[in-house]
Every structure is written in structure tokens, then in C-alpha cells.
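A.B. asks: Chain order of the listed sequences is A and B. Number 226 in numbering that gives the first Met the number 0 belongs to position 227 of the first sequence; there are no gaps in the numbering. Number 211 in numbering that gives the first Met the number 0 belongs to position 212 of the second sequence; there are no gaps in the numbering.
For the record, the hints were derived by calculation from the structure and aren't laboratory data. Treat the hints with caution; some may be incorrect.
[Unchecked claim] Between beta-carbon pairs, the in silico distance windows are:
no.	chain 1	residue 1	chain 2	residue 2	range
1	A	Phe300	B	Tyr263	35 to 45 Å
2	B	Glu150	A	Lys79	16 to 26 Å
3	B	Pro62	A	His142	39 to 49 Å
4	A	Arg152	B	Ala83	25 to 35 Å
5	A	Lys131	B	Leu270	31 to 41 Å
6	B	Ile267	A	His159	47 to 57 Å
7	B	Ala83	A	Leu18	40 to 50 Å
8	A	Lys79	B	Leu270	38 to 48 Å
9	B	Ile267	A	Lys131	32 to 42 Å
10	B	Glu261	A	Asp82	51 to 61 Å
11	B	Ile267	A	Val284	43 to 53 Å
[Unchecked claim] No more than 20 Å apart at the CA atoms, straight line, and that leaves these computed lysine to any residue pairs for SDA-like:
no.	chain 1	residue 1	chain 2	residue 2
12	A	Lys79	A	Gly19
13	B	Lys256	A	Asp220
14	B	Lys256	A	Thr271
15	B	Lys25	A	Ser162
16	A	Lys266	B	Ser179
17	A	Lys270	B	Glu237
18	B	Lys146	A	Leu149
19	B	Lys195	A	Arg273
20	B	Lys146	A	Thr17
21	B	Lys264	A	Arg273
22	B	Lys146	A	Glu16
23	A	Lys270	B	Glu38
24	A	Lys270	B	Gly240
25	A	Lys266	B	Leu251
26	B	Lys195	A	Asp316
27	A	Lys266	B	Ser253
28	B	Lys273	A	Leu264
29	B	Lys273	A	Ser150
30	A	Lys266	B	Arg262
31	B	Lys264	A	Gly148
32	A	Lys208	B	Glu237
33	B	Lys256	A	Arg273
34	A	Lys266	B	Leu249
35	A	Lys5	A	Asn60
36	B	Lys25	B	Arg278
37	B	Lys25	A	Lys266
38	B	Lys241	A	Ile267
39	B	Lys273	A	Pro151
40	B	Lys241	A	Thr271
Don't be surprised by glycine CBs; every beta carbon is placed ideally from N, CA and C.
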Amino acid sequence: MNEVLKAENLQVFYVLETLGEKRIAKAVHGVNLQIPGNEVYGIAGESGCGKTTLLKVLFANIEPPLRAFEGRVYYCVNDKYIDAFSLSAREKRELRWTYISYIPQGSMSAFNPVKKLKVTFLDFLESHVRGKDREELLSLTNHHLKTLGLSPRILDAYPHQLSGGMRQRVAIALSTLLKPRIILADEPTTALDVVAQRAVLQLMQDVQKELQNTIVLVTHDMGIHANIATRMAIMYAGKIMEEGSTEDIFNHPLHPYTQYLIHSLPKIGDKTPRESAPGSPPSLVEPPPGCLFHPRCPQAFPLCSQEVPELVRVNIDHKVACFLRGNNRASCS
Amino acid sequence: MPVVLEVKDLTKIFSLGSLFSRLRIKAVDQISFTVKPAEIFTLAGESGCGKTTTARMILGFEPPTSGEIRYQNRKIEEFQDKKAWFKEVQAVFQNPFETFNPLRKVECYFFETIHNYQLDKEGRKASVLIEEKLQQVGLSLSEIAGKYPGELSGGQLQRASIARSLLTNPFLLVADEPVSMVDASLRMSIVNLFRKLRDSLEVSVIYITHDLATAYYVSDRIGIMFRGNIVETGSVEEVLGKPKHPYTQLLLESIPKPDPQERYKTSITFLEEKEEYLRSGCKFAGRCPEVQEICKQKAPEDISVNGVVVKCHKYIK
Ligand SMILES: Nc1ncnc2c1ncn2[C@@H]1O[C@H](COP(=O)(O)OP(=O)(O)OP(=O)(O)O)[C@@H](O)[C@H]1O
Ligand SMILES: Nc1ncnc2c1ncn2[C@@H]1O[C@H](COP(=O)(O)OP(=O)(O)OP(=O)(O)O)[C@@H](O)[C@H]1O
Ligand code: SF4
Ligand SMILES: [Mg+2]
Ligand SMILES: [Mg+2]
Numbered sequence: 000m001n002e003v004l005k006a007e008n009l010q011v012f013y014v015l016e017t018l019g020e021k022r023i024a025k026a027v028h029g030v031n032l033q034i035p036g037n038e039v040y041g042i043a044g045e046s047g048c049g050k051t052t053l054l055k056v057l058f059a060n061i062e063p064p065l066r067a068f069e070g071r072v073y074y075c076v077n078d079k080y081i082d083a084f085s086l087s088a089r090e091k092r093e094l095r096w097t098y099i100s101y102i103p104q105g106s107m108s109a110f111n112p113v114k115k116l117k118v119t120f121l122d123f124l125e126s127h128v129r130g131k132d133r134e135e136l137l138s139l140t141n142h143h144l145k146t147l148g149l150s151p152r153i154l155d156a157y158p159h160q161l162s163g164g165m166r167q168r169v170a171i172a173l174s175t176l177l178k179p180r181i182i183l184a185d186e187p188t189t190a191l192d193v194v195a196q197r198a199v200l201q202l203m204q205d206v207q208k209e210l211q212n213t214i215v216l217v218t219h220d221m222g223i224h225a226n227i228a229t230r231m232a233i234m235y236a237g238k239i240m241e242e243g244s245t246e247d248i249f250n251h252p253l254h255p256y257t258q259y260l261i262h263s264l265p266k267i268g269d270k271t272p273r274e275s276a277p278g279s280p281p282s283l284v285e286p287p288p289g290c291l292f293h294p295r296c297p298q299a300f301p302l303c304s305q306e307v308p309e310l311v312r313v314n315i316d317h318k319v320a321c322f323l324r325g326n327n328r329a330s331c332s
Numbered sequence: 000m001p002v003v004l005e006v007k008d009l010t011k012i013f014s015l016g017s018l019f020s021r022l023r024i025k026a027v028d029q030i031s032f033t034v035k036p037a038e039i040f041t042l043a044g045e046s047g048c049g050k051t052t053t054a055r056m057i058l059g060f061e062p063p064t065s066g067e068i069r070y071q072n073r074k075i076e077e078f079q080d081k082k083a084w085f086k087e088v089q090a091v092f093q094n095p096f097e098t099f100n101p102l103r104k105v106e107c108y109f110f111e112t113i114h115n116y117q118l119d120k121e122g123r124k125a126s127v128l129i130e131e132k133l134q135q136v137g138l139s140l141s142e143i144a145g146k147y148p149g150e151l152s153g154g155q156l157q158r159a160s161i162a163r164s165l166l167t168n169p170f171l172l173v174a175d176e177p178v179s180m181v182d183a184s185l186r187m188s189i190v191n192l193f194r195k196l197r198d199s200l201e202v203s204v205i206y207i208t209h210d211l212a213t214a215y216y217v218s219d220r221i222g223i224m225f226r227g228n229i230v231e232t233g234s235v236e237e238v239l240g241k242p243k244h245p246y247t248q249l250l251l252e253s254i255p256k257p258d259p260q261e262r263y264k265t266s267i268t269f270l271e272e273k274e275e276y277l278r279s280g281c282k283f284a285g286r287c288p289e290v291q292e293i294c295k296q297k298a299p300e301d302i303s304v305n306g307v308v309v310k311c312h313k314y315i316k
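Let the sequences and hints guide you as you build the complete structure.
C.D. replies: This is the structure:
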């Protein structure tokens, strides 16, 4: 078994009721994923396309107004696939941080501001590790920080005494303390400057090499994906539009949306005016018919507004959902 | 040569720590630059290098420890009428969700600004004026009417915040990291807007960012800040095209390129900012690949190299 994480036909929507009126936002809309072990798996897409929601679903953390209408998530634990949605609360707790960790968006601002980091670390460990006293736990923590090239001295700091980049690295260190097989990281570098970003990526790479595990990295920054992801998925309006190795995605992007994502980036040395994509991302409440990208697609033709292209394999290791790349009609949306 | 803004030897010292340990950091350390009419000047540098502190002093939110800021040739302290001043100098902040109160409709801010500055006295209806500014940023009154901040996307909200700052027809816009929260396509729409404001309305912009790619794309001149100093300044083509200071080189090399063939090849050292602020010689000496003995002892002075001003011993002969 090669995949550590699988998702099948996820239909997970926000159900919003205001003044007796029901609105459904299709944030994760028919997603299938096979995420292999020992990879950095990138998920890219514009703001609001459902990346954070997808990670919550993969973490089996679905709370109202979010509701799963269909689909399954499987974890590969001890060579057996288990259905993550059917786990009891206790079973979930046992897997969290030891099998799967989640670094939420903005987690670097989530540390308890009135506690020293040492206390945060020890509280965390005490609730997850049995049969060790505080001294042992502290030395485990010190050792872990040292392997990651961080000074154990930071444990004596309060969160506000550290820069954003350092706090983010501490958040990563905390989430990897129990050597999870999967780390879900949501925008870990966003809002950091390029040097701090680079330090965070360096740390994630070190962690991945050391643990030989899988990092699922969500960010809208294509430069970050190019730098660290080994495989990636491109998400648009709740759907996966393209999936493949990072090299294929950047060197031979097949979906017009992916091509746009890569080519719209400004480059140093080039001041020629660049236009941002025409139109804006579609409504998840009333998505357009057919291909969700067709209203903004420069290559759309009549079929695109009528039928939904399915995500199909077009090359050995490269999948895309676009009518230009094969006659792949889905029977229903 | 007319100048919109002139900053001279501007310094801000913060005292940190308890009463007994007197730790003083020069968050902004004798920086000087000018902004000309219809020019976009970028201040770039990593987190904690003093960008926001500089912006806050220019906007009059923070008194400088020393140094001088002149707007249209007058010291800013001379502007007694704060309202008249803010009519000409407007600010855009990083997080649009903090600019707007979540419990107030976005349009209220527009009508409030019009009322405060009595902009509808000139015989034009408020809604016409608002519509005009929203159109300039690619929005319309019907798109924001009745909506609360949470009902707009981050990019829409940021553009609304810029539209509001345009209501008074300012000469100078101080934009502190206006794009760091938004994704690439919205980034382009915002920086394109700055280009348009400069080219068609002759607005000057101080663009504060750590995104060097958009900085290159929009700005005319740039100052690279490091721990309170401007370490390199000149035309954006020179500074980012042929970087001279080792720190500018590090920044450029750290931009993640959207090309898997160009991954980072070396690793970097990451030092905490306080440690670097308190360094006596060149503040970059702790991480500089070209550090010499003198760098650790003596702070380098400004030196002009091919039209660019650099603060580095490497160029001092
Ligand atoms: N709690 C919620 N209730 C209702 N709608 C929500 C909620 N959280 C998110 N949404 C909506 O679901 C969609 C997907 O949001 P999500 O946060 O997953 O996007 P994202 O891709 O992570 O965006 P970003 O890049 O801005 O973080 C958006 O349209 C958002 O407005
Ligand atoms: N009110 C304050 N009191 C004490 N120190 C401060 C204060 N404001 C800023 N500083 C310190 O001054 C330095 C410069 O901060 P500033 O916010 O200007 O940096 P910045 O370049 O805007 O950073 P960022 O990219 O994180 O916004 C930092 O070390 C910061 O911690
Ligand atoms: S002065 Fe010295 S340490 Fe500072 S940047 Fe130049 S070479 Fe490097
Ligand atoms: Mg998100
Ligand atoms: Mg700032």
C-alpha cells in the first residue's frame, strides 16, 4: 500500500441558514485524492476555493455549519485502511498528533499569550504521552528542538517575544513532536517575509526527511509549491482541476486555470503590464453550470458550459479536468 | 525638483524591558529618502525592520525620536489642521478585516468620510462620488451596498479600503503591506491599481512590502530596509536588477521562484531581530556571507555605487 491518505468523492458543504433561508456553499465538491507516503503534497488555489475546508475534512474535523453529504477519508494505519469518519472521539484523539497532525492557518498567532512556550509544550505533551514525568518530557522537547536546529532557549520566551517566523517554526516543531505520519499544514508561510518563509520551508523539509512522512501543504503561493512540493493538486471552486508531479504541473500545465496561475506571476526584470484574470472566482452557493472555470476561461467552447469535465488521467502520472485534454464527460455533476 | 515628501535622518528609539534593564532599540535609525510627484517609492525588507514604524511616523501617529519629515516643503508638525492634512495624505493598511469593523456595513465608512471632509459640498452627490472611486478599483456601489465586511472577500475588501482612501483625492498614499494577505491574482489587481493612480491621477505612493516581485513591477525607486537602516536605495531596476548589498542579494535569492528547477540550494541562518538590532557594527554581520573583520566593529556608512546608495564595507575603499 502506497497511499497514506485517500479521499473518495468528498461532498462537504457549508449549510447556512439565515432568516429561514437555506444556502449551501459547496466548498469541497466531489474531491478524490490519493496522497502517497514520503512526499510533500501541495494543494494550491485562489483564496476562498476551499483549501482550508478540505484540510479540515482530511483531519476528520467536520463541525456545523460544515456537513459531509457524501464521501470517505481513509488513513493507512499499520498497513490497514481505516475510515476516518467512522472513528469514535477517543480513537480520533489517539491518532491525532501521533498519526496525523494539523497546523491551522494563522496558528503562529494562536499560542497562549500569557504562558511561556515551555508550559504550552509540556501541557501538550502531558495530555498525549502517558507514563513520563515532566522532567522526561522536557528533555524530549529539548532534544526535538535541537534536532530541528532550534535553540531550546526559546522555551523560556513568551510568544510575543518571538518574531512571526520563529513562532511559526515553533508551531511546526510542536506538531511534529510525536512523529506523525501525516502533517497537514495550512498556509504556514503566508504573511511571513521571504527570509522567514525560507526558514520555515527549510524546517519542514528537514522534518520530512527525518521522519520520511507526508506533509500536505496548502498555500496559494505557487513559488512555495515549486520550491518544496513533490506532487500537487490545483483546486478551483471546491474541485480539483489538475493533479500531478510538481515538475509536470509547472513545466507542462494542462488546465487553463493552472496555466493562468503560473503565468500571471510578476517577474523581476519585467515591467510590462500584466492583467489579473478577468472576472472573479465563482460563487460556491450558485456555481456556474458545466466546467466551473468556463466563465473565465479564454479557451472555453460551447460544451464547457453544458457538461462537467471529469478529472481523468491523461499522461502516466498527470490528471486534468478539461475538455481540451480528452473527451471526458461526466454523466452528472 | 519638486518633492512631495522628504524624510531626513528619521529615527525612532523604543525602550524595552523592565525599569532596570534599559534595552533600547533603534527601530528606525537615521533614514532619509524622498518621494516625488507621481512616483511609487517602495520600502522593502523583512519583518521587524522598521517599515511600519516609519509609516506611522510619516502619518503622524508616532512622534519621531529625532529627524525630520517634510510634506510639500513644510515640516509635518506645522500642519495644525489635521483634517486638511489627512485630506492629502491617506493610509491603506495590511489587514482589511481590521480596517473595517465587522459589525458595520462597508458603505458606512464611505458616507462617513464624505461627511467628515464635507466632500459633497462641491455640488456632487455622495453616491456619485463613491461610485466613481469604487469604479476606479474595479468595484461598484451595488456590489458592496448593504454588505458587512465578512460578506466580501479579502481582495474586495482591500480594494474597498483603497477606494475609500481615494475619496479625498489625496496626493500621497501610504500603503503598509496592502497585498500581503491576498493571493497572486488579487495582488496583481491591487498593484495595477497603484500604477493607474500614479499614471492617470499623479498620485504618489509609498508602497511598503516584502514582496519584491510586485515591488519591481510597480515602483520607480526602492529602499531596502534592514534592522532600522536603509541599506540600499536607488532605482528599482538597479537595486533589484543588480543588487549590491549582500542583504539585498539574500532577499532576492530567497524569493521562491515558480520553477521547480530553481529550488533553494543553500540553507540560511535565521537570527532573532532583537539580537541583530543590538549589534554594534553592521547589523547584517551575523548572517552576511561576505563579512569581514571591520564589519563587526564599525557600522558602515553610505556610499554611492553606480547611482545606488549602499551601506556596506565591501564598497568602502
Ligand atoms: N464557517 C463558515 N461558514 C460559512 N462559509 C464558510 C465558512 N468557512 C469558510 N466558508 C466559505 O467556504 C469557502 C471556502 O473557504 P476556505 O476557508 O476553505 O477557503 P481557502 O481556500 O482556505 O481560502 P484562503 O486562501 O483565503 O484561506 C469560502 O467561500 C468561504 O467563504
Ligand atoms: N510600540 C513599540 N514598542 C516597542 N517596540 C516596538 C514598538 N513598535 C515596534 N517595535 C519594534 O520595532 C521594530 C520594528 O518594528 P516595525 O513594526 O516597524 O517593523 P516592520 O518592518 O513593519 O515589520 P513587519 O513586516 O513585521 O510589519 C521591531 O523590532 C518591533 O518589535
Ligand atoms: S558591511 Fe560587511 S557584514 Fe555588512 S553587508 Fe557588507 S560585507 Fe556584509
Ligand atoms: Mg484557507
Ligand atoms: Mg509592519
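A.B. asks: It remains to establish, for every hint, whether it holds in the given structure.
C.D. replies: Hint check results:
1. For Phe300 (chain A) paired with Tyr263 (chain B), a C-beta distance near 41 Å keeps the hint of 35 to 45 Å intact.
2. For the pair Glu150 (chain B) and Lys79 (chain A), the beta carbons lie near 45 Å from each other, so the given range of 16 to 26 Å is not met.
3. Checking the proposed 39 to 49 Å range against Pro62 (chain B) and His142 (chain A) shows it holds: the Cβ atoms sit about 48 Å from each other.
4. In this structure, Arg152 (chain A) and Ala83 (chain B) break the distance hint of 25 to 35 Å, their C-beta atoms being roughly 51 Å apart.
5. Distance hint check for Lys131 (chain A) and Leu270 (chain B): the Cβ-Cβ separation is about 33 Å, which falls inside the suggested range of 31 to 41 Å.
6. Taking 47 to 57 Å as the suggested C-beta distance range, the pair Ile267 (chain B) and His159 (chain A) does not conform, at roughly 24 Å.
7. Between Ala83 (chain B) and Leu18 (chain A) the Cβ separation comes to about 45 Å, which falls inside the hinted range of 40 to 50 Å.
8. The hinted range of 38 to 48 Å is satisfied by Lys79 (chain A) and Leu270 (chain B), whose Cβ atoms lie roughly 46 Å apart.
9. Take Ile267 (chain B) and Lys131 (chain A): their Cβ atoms lie about 35 Å apart, and the range 32 to 42 Å holds.
10. Checked against the hint of 51 to 61 Å, the C-beta distance between Glu261 (chain B) and Asp82 (chain A) comes to roughly 41 Å, which is inconsistent with it.
11. Here the CB-CB span from Ile267 (chain B) to Val284 (chain A) is close to 44 Å, well matched to the stated 43 to 53 Å.
12. Between the alpha carbons of Lys79 (chain A) and Gly19 (chain A) the distance comes to roughly 44 Å, so the proposed pair goes past 20 Å and is violated.
13. The hinted pair formed by Lys256 (chain B) and Asp220 (chain A) meets the criterion: a straight-line CA distance of about 10 Å does not exceed 20 Å.
14. Between Lys256 (chain B) and Thr271 (chain A) the CA atoms are separated by roughly 19 Å; this keeps the pair inside 20 Å, and the hint holds.
15. Taking the CA atoms of Lys25 (chain B) and Ser162 (chain A), the gap is about 17 Å. The hint holds against a cut of 20 Å.
16. A distance of roughly 17 Å separates the Cα atoms of Lys266 (chain A) and Ser179 (chain B); the hinted pair therefore holds under the 20 Å criterion.
17. Taken as a hint, the Lys270 (chain A) and Glu237 (chain B) pair is honoured in the structure, with Cα atoms around 13 Å apart against an allowance of 20 Å.
18. At most 20 Å may separate the alpha-carbon atoms for a hinted pair to count; Lys146 (chain B) and Leu149 (chain A) exceed this at roughly 46 Å.
19. Restraint check for Lys195 (chain B) and Arg273 (chain A): the C-alpha separation of about 12 Å stays at or below 20 Å, so the hint holds.
20. Between Lys146 (chain B) and Thr17 (chain A) the alpha-carbon distance is near 14 Å, which keeps this suggested pair within the 20 Å criterion.
21. Taking the CA atoms of Lys264 (chain B) and Arg273 (chain A), the gap is near 30 Å; set against the 20 Å cutoff, the hint is violated.
22. For the proposed pair Lys146 (chain B) and Glu16 (chain A), the alpha carbon gap of about 17 Å is at most 20 Å, so the pair holds.
23. Taking the CA atoms of Lys270 (chain A) and Glu38 (chain B), the gap is near 15 Å; set against the 20 Å cutoff, the hint holds.
24. Using a Cα cut-off of 20 Å, the hinted pair Lys270 (chain A) and Gly240 (chain B) holds, with the two alpha carbons roughly 12 Å apart.
25. For the hint pairing Lys266 (chain A) with Leu251 (chain B), the CA-to-CA distance comes to about 11 Å; that is within 20 Å, so the pair holds.
26. Between Lys195 (chain B) and Asp316 (chain A) the CA atoms are separated by roughly 43 Å; this puts the pair beyond 20 Å, and the hint is violated.
27. Among the hinted pairs, Lys266 (chain A) with Ser253 (chain B) is consistent with the structure: their alpha-carbon atoms are about 14 Å apart, no more than 20 Å.
28. Of the pairs offered as hints, the one joining Lys273 (chain B) and Leu264 (chain A) is violated, with about 34 Å between alpha carbons and a cut-off of 20 Å exceeded.
29. The hinted pair formed by Lys273 (chain B) and Ser150 (chain A) meets the criterion: a straight-line CA distance of about 15 Å does not exceed 20 Å.
30. Proximity of Lys266 (chain A) to Arg262 (chain B) is assessed by CA-CA distance (about 16 Å); at most 20 Å being required, the pair is judged to hold.
31. Using a Cα cut-off of 20 Å, the hinted pair Lys264 (chain B) and Gly148 (chain A) holds, with the two alpha carbons roughly 18 Å apart.
32. With a CA separation close to 39 Å, the supplied pair Lys208 (chain A) and Glu237 (chain B) exceeds the 20 Å bound.
33. Straight-line distance between C-alpha atoms of Lys256 (chain B) and Arg273 (chain A) comes to about 18 Å, which keeps the hinted pair within the 20 Å bound.
34. Distance hint between Lys266 (chain A) and Leu249 (chain B) is fulfilled; the C-alpha atoms sit about 17 Å from each other, no more than 20 Å.
35. About 16 Å separates the Cα atoms of Lys5 (chain A) and Asn60 (chain A), which keeps this hinted pair within 20 Å; it holds.
36. At most 20 Å may separate the alpha-carbon atoms for a hinted pair to count; Lys25 (chain B) and Arg278 (chain B) meet this at roughly 11 Å.
37. For the hint linking Lys25 (chain B) to Lys266 (chain A), the alpha-carbon distance of about 33 Å lies beyond 20 Å, and the restraint is violated.
38. Restraint check for Lys241 (chain B) and Ile267 (chain A): the C-alpha separation of about 11 Å stays at or below 20 Å, so the hint holds.
39. For the given pair, Lys273 (chain B) sits about 17 Å from Pro151 (chain A) by alpha-carbon distance, which is consistent with the 20 Å threshold.
40. Distance check on the hinted pair: Lys241 (chain B) and Thr271 (chain A) sit about 19 Å apart at the alpha-carbon level, within 20 Å; holds.
Checked against the numbered hints above, the structure breaks hints 2, 4, 6, 10, 12, 18, 21, 26, 28, 32 and 37 and satisfies the rest.
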